[in-house]
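Engineer: Sequence:
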Amino acid sequence: MISVTKLNGSSLWLNALMIESVEETPDTYINLVTGKRMIVLQSAEEIVNMVTQYYKAIGLHPATIKVQQTEELS
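Residue numbers (our numbering): 163 to 236.
Among the clues, some could well be false.
Claimed, not checked - Result set (EDC-like, lysine to aspartate or glutamate): computed pairs, CA atoms no more than 20 Å apart in a straight line: (1) Lys168 x Asp189; (2) Lys168 x Glu185; (3) Lys218 x Glu207; (4) Lys168 x Glu207; (5) Lys198 x Glu186; (6) Lys218 x Asp189; (7) Lys168 x Glu182; (8) Lys218 x Glu186; (9) Lys198 x Glu182; (10) Lys168 x Glu208; (11) Lys218 x Glu208; (12) Lys198 x Glu185.
Unchecked claim - The calculated label-pair distances, taken between Cβ atoms and stated as ranges, are: (13) Gly221 x Gly171: 30 to 38 Å; (14) Leu222 x Gly171: 27 to 35 Å; (15) Asn170 x Gly221: 30 to 38 Å; (16) Leu222 x Pro188: 24 to 32 Å; (17) Ser172 x Asn193: 18 to 26 Å.
Derived by calculation from the structure, the hints in this document are not laboratory data.
We put the CB at the ideal spot given by N, CA and C, even for glycine.
Given these sequences and hints, build the entire structure.
Structural biologist: Next up, the structure:
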(Lines of atoms letter the chains of each structure in order from A and count residues from 1; the text may use other names and numbers.)
(Lines give C-alpha, C1' and ligand atoms only; values in the text may rest on other atoms or scores of the structure.)
Protein backbone atom coordinates (compact mmCIF):
# COMPACT_ATOMS: atom_id res chain seq x y z
CA MET A 1 0.00 0.00 0.00
CA ILE A 2 1.14 3.55 -0.68
CA SER A 3 -0.09 6.73 0.97
CA VAL A 4 -1.45 9.42 -1.37
CA THR A 5 -3.06 12.79 -0.75
CA LYS A 6 -6.27 13.75 -2.52
CA LEU A 7 -6.87 17.33 -3.70
CA ASN A 8 -8.97 18.09 -0.61
CA GLY A 9 -5.94 17.30 1.58
CA SER A 10 -7.19 13.99 2.93
CA SER A 11 -4.83 11.02 2.88
CA LEU A 12 -5.66 7.51 1.85
CA TRP A 13 -3.85 4.22 1.48
CA LEU A 14 -3.94 2.87 -2.05
CA ASN A 15 -3.18 -0.69 -3.12
CA ALA A 16 -0.23 -0.15 -5.48
CA LEU A 17 -1.01 -3.41 -7.28
CA MET A 18 -4.27 -1.87 -8.50
CA ILE A 19 -2.56 1.02 -10.36
CA GLU A 20 -2.79 0.70 -14.13
CA SER A 21 -1.24 4.04 -15.10
CA VAL A 22 -0.28 7.49 -13.82
CA GLU A 23 -0.72 10.70 -15.83
CA GLU A 24 0.46 14.24 -15.12
CA THR A 25 -1.49 16.86 -17.11
CA PRO A 26 -0.52 19.01 -14.92
CA ASP A 27 -2.69 17.40 -12.20
CA THR A 28 -1.63 13.86 -11.35
CA TYR A 29 -4.23 11.24 -12.23
CA ILE A 30 -3.97 7.66 -11.00
CA ASN A 31 -5.93 5.20 -13.14
CA LEU A 32 -6.84 1.93 -11.45
CA VAL A 33 -7.45 -1.46 -13.04
CA THR A 34 -11.05 -1.19 -11.80
CA GLY A 35 -11.63 1.77 -14.14
CA LYS A 36 -11.67 4.30 -11.29
CA ARG A 37 -9.57 7.44 -11.60
CA MET A 38 -8.35 9.77 -8.87
CA ILE A 39 -6.48 13.05 -8.70
CA VAL A 40 -3.68 13.33 -6.13
CA LEU A 41 -1.28 16.04 -4.98
CA GLN A 42 1.88 13.96 -5.50
CA SER A 43 3.71 14.16 -8.82
CA ALA A 44 3.73 11.21 -11.22
CA GLU A 45 7.41 10.71 -10.43
CA GLU A 46 6.66 10.52 -6.69
CA ILE A 47 3.92 7.95 -7.29
CA VAL A 48 6.21 5.82 -9.48
CA ASN A 49 8.95 5.98 -6.83
CA MET A 50 6.52 4.96 -4.06
CA VAL A 51 5.20 2.06 -6.15
CA THR A 52 8.74 0.92 -6.98
CA GLN A 53 9.68 0.99 -3.28
CA TYR A 54 6.52 -0.94 -2.42
CA TYR A 55 7.28 -3.59 -5.04
CA LYS A 56 10.80 -3.96 -3.61
CA ALA A 57 9.42 -4.21 -0.06
CA ILE A 58 7.12 -7.10 -0.97
CA GLY A 59 9.71 -8.82 -3.16
CA LEU A 60 7.70 -8.45 -6.35
CA HIS A 61 10.55 -7.51 -8.68
CA PRO A 62 12.83 -10.48 -7.87
CA ALA A 63 9.83 -12.77 -8.33
CA THR A 64 9.19 -11.23 -11.75
CA ILE A 65 12.80 -11.78 -12.79
CA LYS A 66 12.69 -15.41 -11.60
CA VAL A 67 9.51 -16.11 -13.59
CA GLN A 68 10.99 -14.48 -16.69
CA GLN A 69 14.21 -16.50 -16.40
CA THR A 70 12.20 -19.72 -15.96
CA GLU A 71 10.13 -18.93 -19.06
CA GLU A 72 13.28 -18.21 -21.10
CA LEU A 73 14.69 -21.64 -20.19
CA SER A 74 11.56 -23.41 -21.43
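Engineer: List in ascending order the numbers of the hints, as given earlier, that are violated by the structure.
Structural biologist: 6 and 8
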